[in-house]
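S.K.: Chain by chain, the residues run as shown.
Number of protein chains: 2
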Amino acid sequence: MAVYTEVSDEDLEAFVADYDIGAVLSFKGIAEGVENTNYLMQTEQGQFILTLYEKRVLPQDLPYFLNLMEFLAEAGIPCPTPLHAEDGKALRELCGRPAAIVTFLNGMWPKKIHATHCAELGTALARLHTAGAGFDMSRPNGLTLEAWRPLFNESAERADEILPGLAEILSRELDYLEANWPERLPVGICHADLFPDNVFFLGQSLSGLIDFYFACNDFLIYDLAICLNAWCFERDNSFNITKAKRMLSAYRKERDVSEAEIAALPVIARGAALRFLLTRLYDWLNHPEGALVKPKDPREYLSILQFHQQVAAPGEYGLD
Amino acid sequence: MAVYTEVSDEDLEAFVADYDIGAVLSFKGIAEGVENTNYLMQTEQGQFILTLYEKRVLPQDLPYFLNLMEFLAEAGIPCPTPLHAEDGKALRELCGRPAAIVTFLNGMWPKKIHATHCAELGTALARLHTAGAGFDMSRPNGLTLEAWRPLFNESAERADEILPGLAEILSRELDYLEANWPERLPVGICHADLFPDNVFFLGQSLSGLIDFYFACNDFLIYDLAICLNAWCFERDNSFNITKAKRMLSAYRKERDVSEAEIAALPVIARGAALRFLLTRLYDWLNHPEGALVKPKDPREYLSILQFHQQVAAPGEYGLD
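Chains as they are written, first to last, in this note's numbering: chain U, 8 to 327; chain R, 8 to 327.
The shape of chain U in the complex, shown without the other chains (with noise of 0.2 Å):
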């Protein structure tokens, strides 16, 4: 919920004026995203997202993000592709940000999950993980392993504040994953943020998969493992083996899964539930007073985590 950058009159026209979309009719700034400013631009020629990159995303890992949307979309997986401006760029500047316009995708992202939802989204992140093989750069995930321990340390003083004992809990996680965390997994290109905010859906139909700023080239089923645990759970936090069966073997039919990735599931999946139990404390803990943008409760990662911690192995997420 978030527009920090306003854009005059002047400088939007200027802007606009570069491509060949016709003149702007309207332009409102998204309630939703959280990491950059997004405005819905209604043009002569249709609607399109005009972003301006706020401080979150680094400017040297635009050309990549902007790059795997481009390519993606002429691959055939719906997702937003961005305009080039006359000068051939897609990356340009605007307000002093580095800002780009790209197309519009219809549908509204579902609030409430269900199985379908989760069968769709298989299928269309293993079409994503094909897709991304060609794709001929590259950018290191800046949120796995060798990042955590970093993260936990700038939390670990306060972390008992959310929960008593969350900073041995964490500590000790990281011991885990640390000894445990696979070397050698299939890899490529990661969406690795598809939270149900980031789909879009036409009734039963997945229309489309948006925001690649923090796709990186990972393990292929830490992917996976993120959309289980942001899609699987419940609300009251508990595992939903119906829609991750769902998931799984709509992903399975679109791309090969190996033996050692499936094995590797249970210990992918804490790592993918740290991951975002460790940017949401982190958040929670040093979001500024009076921010725009609520902070997630970290607890509901904690408690994803543990129900990973306890699975004996991979069949309990109901792979066949």
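Calculated directly from the structure, the hints in this document are not laboratory data. Incorrect hints may have been included.
For chains that are exact copies, the list does not tell them apart, and a pair is met inside one copy or across any two.
Stated by the list, open to error - The calculated lysine to any residue pairs, modelled on SDA-like cross-linking and capped at a C-alpha distance of 25 Å, are:
#1 K303 to R156
#2 K119 to L32
#3 K301 to R63
#4 K118 to D16
#5 K62 to K301
#6 K118 to F202
#7 K62 to N187
#8 K119 to Y26
#9 K62 to P302
#10 K118 to T12
Please read these numbers as outputs of a predicted model, since none were measured by experiment.
Following the hints, put chain R in place on chain U, whose structure we already have.
M.R.: Quick look at chain R alone, frame taken from chain U:
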């Protein structure tokens, strides 16, 4: 900047099915607007705004606001018009809140005000006032003279936190306004909140007036004074007489302003400044920690008030 109420897919679908606008293709919370929850909704029939009315709007006032918009739109004023559902009703309920769908207006609100904007606004406001004469419902202004002292009393003790001496300045101004507020001036439908973010332009032309949720019956010149305060002072709080001249002369071309109204303009402008100074002061002192909406600085309106206090004659506003 506010989406207070999240609408589930099921609720949205059921709500929209009662209108003749086709299926929903996209649905995005709008960051602008501070009183209600607004979604920009694309359906098979076009773009619409879906509004859920939050606490600050009294449900009993909604028929006045919605009927007024419909009346004015039919009279050719460029304002949103409420859609009627199949049951004939424009005011309905969604997520336990009063809700309505209104037509979408193209245009952007001007972030930087030019004199041409002021001229366009003067014309549109006079037309609104003239058209409003035929509207047969009435709503007293809840934020006029009688309301100001009780409102001040709620902030009086802490007013000096904003600026030492502020409570004394406000108390004296209330004394002055209570002694000098006119009793008889032409009354009619006032928008009563025509700040730049409620006025859309396409290029140089005014294309829309929105947000009628402070509309009321009051002195028409009071509505004009609100606009003078909101549009004709620069960011450094200096008065721009060129803008005021353009606004006032454009207004007077469309509606005859009486001698009494002109003579009253300085005191009315003081009242119009005090009204926003008092609500901003209250909001500044009482906004909850971490609120989504950042309160506006009350001192801007103190400076505007102090300008009007030293006006010796209406001619100083640029009236011929």
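S.K.: Look at each hint and say if it fits the structure.
M.R.: Structure-based check of all given hints:
1. K303 to R156: Within one copy only: 21 Å inside a chain, 41 Å across chains, cut-off 25 Å.
2. K119 to L32: Between copies, since 17 Å is at most 25 Å while 33 Å is not.
3. K301 to R63: Both: 16 Å inside a copy, 21 Å across copies.
4. K118 to D16: Classified as between: cross-chain Cα gap 6 Å, same-chain 34 Å, threshold 25 Å.
5. K62 to K301: both (17 Å within a copy, 20 Å between copies)
6. K118 to F202: within (11 Å within a copy, 34 Å between copies)
7. K62 to N187: neither (34 Å within a copy, 52 Å between copies)
8. K119 to Y26: Answer is between: at 23 Å across copies they meet the 25 Å cutoff, but 38 Å inside does not.
9. K62 to P302: Answer is both: 17 Å inside a copy and 24 Å across each meet the 25 Å cutoff.
10. K118 to T12: So K118 and T12 pass the 25 Å test across copies only (12 Å; inside, 27 Å).
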